[in-house]
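Asker: Please work from the sequences and hints to get the whole structure.
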Amino acid sequence: MQQIFHEIQVNTEGQGLYDFTNKTTSWLNKQKIYNGILNINILHTSASLIIQENADPDVLYDIKNFFNKLVPMDNKLYKHTTEGKDDMPSHIKSALTNNQLTLSIKNKKLMLGTWQGLYLFEHRIEKHTRILSHHFIGD
Amino acid sequence: MQQIFHEIQVNTEGQGLYDFTNKTTSWLNKQKIYNGILNINILHTSASLIIQENADPDVLYDIKNFFNKLVPMDNKLYKHTTEGKDDMPSHIKSALTNNQLTLSIKNKKLMLGTWQGLYLFEHRIEKHTRILSHHFIGD
Amino acid sequence: MQQIFHEIQVNTEGQGLYDFTNKTTSWLNKQKIYNGILNINILHTSASLIIQENADPDVLYDIKNFFNKLVPMDNKLYKHTTEGKDDMPSHIKSALTNNQLTLSIKNKKLMLGTWQGLYLFEHRIEKHTRILSHHFIGD
Chain A
1 MQQIFHEIQV NTEGQGLYDF TNKTTSWLNK QKIYNGILNI NILHTSASLI
51 IQENADPDVL YDIKNFFNKL VPMDNKLYKH TTEGKDDMPS HIKSALTNNQ
101 LTLSIKNKKL MLGTWQGLYL FEHRIEKHTR ILSHHFIGD
Chain B
1 MQQIFHEIQV NTEGQGLYDF TNKTTSWLNK QKIYNGILNI NILHTSASLI
51 IQENADPDVL YDIKNFFNKL VPMDNKLYKH TTEGKDDMPS HIKSALTNNQ
101 LTLSIKNKKL MLGTWQGLYL FEHRIEKHTR ILSHHFIGD
Chain C
1 MQQIFHEIQV NTEGQGLYDF TNKTTSWLNK QKIYNGILNI NILHTSASLI
51 IQENADPDVL YDIKNFFNKL VPMDNKLYKH TTEGKDDMPS HIKSALTNNQ
101 LTLSIKNKKL MLGTWQGLYL FEHRIEKHTR ILSHHFIGD
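Chains as they are written, first to last, in our numbering: chain A, 1 to 139; chain B, 1 to 139; chain C, 1 to 139.
The hints are simulated quantities; they were obtained by calculation from the structure and are not laboratory data.
Do not rely on the hints blindly, as some may be mistaken.
Said to hold, decoys possible - Keeping only pairs whose Cα atoms sit at most 20 Å apart, straight-line, the calculated EDC-like set for lysine to aspartate or glutamate is:
id: 1; chain 1: C; residue 1: K85; chain 2: B; residue 2: D58
id: 2; chain 1: A; residue 1: K69; chain 2: C; residue 2: D62
id: 3; chain 1: A; residue 1: K109; chain 2: B; residue 2: D58
id: 4; chain 1: B; residue 1: K69; chain 2: C; residue 2: D74
Keep in mind that this is a model prediction, so the values were computed, not measured.
Answerer: So this is what it looks like as structure tokens:
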């Protein structure tokens, strides 16, 4: 059994879903791995991770829009307001989605459905550099 | 360390929670495993996975009902409408729940609480065949 | 490869977020481990697990408050009401957050962002003793 650690950087420019599937798979393809688990963690609390449909960009728009309506950027609703109107909603949206994805690799291939992509869900309105820890454990 | 891959099929007949705990444990019982991690992924973006109470069917009804009220099947709310009124809400409900469960196995036994069951949460209204990838890594 | 199982107990006194990061890391520090995966499961369906900001207590208040507004403790909304007005909302809040966290350990250190803490999210209003299964697999 071997373990490999890696970090992938995603630069975000405002709220929305950023597909990082290719960054992950092109790194995986360079490793000498066959079968195992890939644990991806986002080391931030105002952006999160989701697996979503990668076919129609409207899906990504609708998801962003739904979460903005569900968790309004309205400081009157929150006590924690010092970091901007988008900060507390970001923490809540993170709680509603995922901080981490645990994926399987079989025969050198990341197991995802045909229509599934890996997305970073940015909840802040300003530019950010996000770090995604990648940890492979397997053969 | 060994790794075992398996697929479990769940046939769904409309929205709701489908208990697949027995399918998973009866497969596990046939394997020569002792301790390890079981990573379960659903390879679809319009159905998801949750761990829920397995005692009272009303709990399952209330969960389905809550999510239908939270994410209405109303095409006026979404841009992605070509696949039916239940499709975009399905993607959102998947984002709000889980695409994957990572469970522990100890002394040949899946570690779940007394009242916990494994459920596929179907978000589409028509019949579907859902594939759940099972990946065991351990001893 | 080795595997270690452990249980951590968290005593809760009503709804809210309980930081158990120190309980987890002080246990980890006593183990002879270097790199691996730590799988944490909550063996209950009316409390859940989230990773959240550990700096401002107002964040924790706002999260609790948001979920109480999103999932009202109002028996008229649910069929499952026999266990109290907070029980069905607890199951729904669990479905909206996580039953389990899968974390990476690198060079003996739990990989978390600077502002990230591990929280048990208690959804019941009475006192409870919650068991968190910890399972390490690695070297």
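Asker: Run the structure past the numbered hints and jot down the numbers of the failing ones, going up.
Answerer: 3
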